[in-house]
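Student: So the chains spell out like this:
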Amino acid sequence: MRAVAISAGRRLQGSTSASLLLATVAALAVGALLIVIVGVDPVDAYRSVWEGSVGSLDALAQTSLRMAPLLIMAVGLIPALRAGVFTIGSEGQFGIGALTAGLAVLGVAPHLPAWLAIVTGALAGAGGGLVWAIGPALLRAFLGIDEILTTFAFNFMATFLLLWLLNGPARGKDAFLVQTSPTPEDTWLPTLGDTVANIGLLLLPALVLAMVAFGRTPGGYRVRLYGAQPSLAAAAGARHWRVVVLSMLVAGAAAGIAGWIQIAGVDRAVFGSVFRGYGYLALALVALGRGQVAPTVLGAILFAGLQTGSEAMQLGVGISADFVFVMQGLVLYLMAFRGGRGREL
Amino acid sequence: MSWLLADLAAVFTVGTLASGVRLAVPTALAAIGEAISQRAGVFNLGIEGMMMVGAFTGFAVASGSGSEALGMLAGGAGGAALAILMAAGSVWRGTNIIVTGFALVLLGQGLANLLYAQNQESLKTFEPLGEVGFGPLADIPVVGPVLFAQNAVFYAALVLAVAVALLLARTRFGLEADACGADPAAAVAKGVDVRRTRTLAVLAAGLFAGLGGAAITVGSVGNYGSNITAGKGFVALALVAVARNRIGWVLVAALLFGTLEASQARLQDVDGIPVELLPAVPWVAVVLALLGLAIAHVVRLRRAA
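Chains H and B are the protein sequences, given in the same order. Here my numbering is used: the first residue of the first sequence is 1, the next is one more, and so on. Here my numbering is used: the first residue of the second sequence is 1001, the next is one more, and so on.
What the hints contain is simulated information worked out from the structure, not anything from laboratory work. Be a bit skeptical, because a hint or two may be false.
Claimed, not checked - Some, not all, of what chain B presents toward chain H, calculated at C-beta under 7 Å: (1) N1113; (2) A1117; (3) Q1120; (4) A1165.
Even for Gly, the Cβ is constructed at its ideal location relative to N, Cα and C.
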């Protein structure tokens, strides 16, 4: 039975990636229409999208910076979505992880060697994200409270908690914006060659491989079984509360690490504006990718490219970078529409 | 302690209450629509995007035509137009409701901000709607400034709220919507056209969200700005969750939150109150309400056993 399930999974995986590409092409076509309406040549516009996202080594490096947090969060969400746990809390866990990572680095940097401060930041980020996931996880596992609304609520609580802390107790001296002090330069993630990309990028293949491997362990099998049929999973030795709590905590820790990589690799301080909607994008990608690894990775690359491409398009041909939200919204909508009923998780 | 009470008394004045009512209008409109949709069993996360589209179409039409009334109508139509996509996906195609709703948040925000950014020069700002004159009624202490010195959108919203409450409680549509929300399979068995009912409910949600967006741009600002709804659609989701889809409680929740919002600026001067945390209040309330319901459920089960 398992072999059948796996081969069926492979077939669907192929079609999900194809569906993502198809949705992207369709969205770009609608986007071209929109570009014409606002009075710009779509060929020029899309040339600057291409050049700004993947057209050069620098562009690729910029895209990688946006891809990293998105991909880390998405990979971390895979077990939860496979188990049928629809946590939409990555956004808040990302912000809390960024905050704890940033504060930890600022705290320990004067006392520890730089590499140890970096590791401390990563652990603190993971811990912060994990802690922010505990409440909704326990409420779902032991009281049966729907995780969608609670995780959503925790996202907003995180937003306002961050604003309060960064305006008050955690605000950096002499900071003009709502932010902490900048983190010391030796705690920034080292860059790769002459580009802005950093070594955090090397973490991604490891995480992806780890998730592929997890899917082949008995634990990974029980998670999928739980998602398909909880009573059957219980007979196979999966405990309800363990599947729910652990999968939600894994998602939380991953989102926290994504927050850390944003701070250590890009922002270099914790800003009140750290929230970028990556958490929701990651969730949508995993949900539409039916919890599979390949379409999730493909989607993270695509969405990051759309992001940097749209920024380049704003500079190049003067179309507002809000274009990226139209594109991402269209891709997600069309992909969900093509999937339709019964192809959901 | 007495100094704190004195400070708080200075914050919660009639003026705060009056501007609280004003601030509550857009959120209340969106929340009324969301309640209709959720009564029919459709959790409409796209509401924020629908508000954004309504805010933009309302502003653009009012700016171009010079008519605030036309602007409000265009706002409602804009929100409903985006809601067509929600209905097509989640009701007719059976797509994942969270992903589809989120996609429409992105699409609505993106379209509204983009179209504004590209047409900013040609769109003129205008004076927002003024107060409706009620003559001496506005001079009544407390009640006057709070209830009789608001703009036309406020009174329209009140009428609409009563109409929706009656629609849900007294008409066939209301009963069918509740049936679709409670148990769609049973509703089908009883001959209810679930898709049709849900489609109408989702379109109504879009209409009200669009009106809510236009209430900001046409009703109180006379301008548009990037992300002008600032998450009010999400706040509406929280209010509906706390009010458990009942229109009366939705209005109470919206008023309470509007007053909290209005007091925020003045609370800044009161020591010891973290004003940045005040917007989190509805979300804490959502979690506490869900917790309360779950505990009550467990207690009932224990008693029964």
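Student: If you check each hint against the structure, which ones fail?
Tutor: 3 and 4
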